[in-house]
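**Student:** Each step along the sequence shown adds one to the number in full-length UniProt numbering, with nothing skipped, and position 62 is 62.
It is worth saying that the hints were derived from the structure and are not from the lab.
Since we're looking at a predicted model, the values are computed, not measured.
Note that beta-carbon positions come from the ideal geometry of N, C-alpha and C, so glycine has one too.
Among these hints, one or two may not hold up.
In silico lysine-lysine, DSSO-like type, Cα no more than 30 Å apart, as pairs [stated by the list, open to error]: (1) LYS94 / LYS42; (2) LYS94 / LYS66; (3) LYS38 / LYS94.
Simulated restraints on C-beta separations [unchecked claim]: (4) GLN65 / HIS86: 31 to 41 Å; (5) LYS66 / GLN27: 52 to 62 Å; (6) LYS69 / LYS94: 15 to 25 Å.
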Amino acid sequence: MELLDLQSSCSQIFSRLHQVFPYLSPQEMAELDIFWPKNLSKVSSIRRGRRQETISRPIYCRKKQKNRKQIIVYDTGLVVNSSFPHLEASSDSKV
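Kindly produce the complete structure, drawing on both the sequences and the hints.
**Tutor:** Shown next as structure tokens:
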């Protein structure tokens with residue numbers, strides 16, 4: 001009898017499981033893994049790079065200006081190639 005009660009309670013729990021945890025197909029899981037934005041601020045190399053960017057950009061400009069008359073550095077955002085719109089890049093700056 002105890003086994004039947006246990007099975008009954010388990011089936012009740014699992015029948016409601018999809019309400020708590022929505023089912024995603026393997027394809028949907030792969031799409032989320034690829035396209036869902038990820039928080040990379042905890043990656044030590046990225047965190048260090050972001051901190052050093054404000055320091056290294058002026059140093060780079062000064063060194064390049066010694067060789068050339070004028071250099072301009074622009075902040076950039078997301079760059080999308082119109083020939084390949086599925087490929088994107090997010091560079092730090094444009095010289």
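**Student:** None of the hints should be skipped; say for each whether it holds.
**Tutor:** To see whether the hints hold, each was checked on the structure:
no., hint, in the structure
1, LYS94 / LYS42, "holds, 26 Å"
2, LYS94 / LYS66, "holds, 18 Å"
3, LYS38 / LYS94, "holds, 24 Å"
4, GLN65 / HIS86: 31 to 41 Å, "holds, 37 Å"
5, LYS66 / GLN27: 52 to 62 Å, "holds, 54 Å"
6, LYS69 / LYS94: 15 to 25 Å, "holds, 18 Å"
Taken one by one, the earlier hints all hold for this structure without exception.
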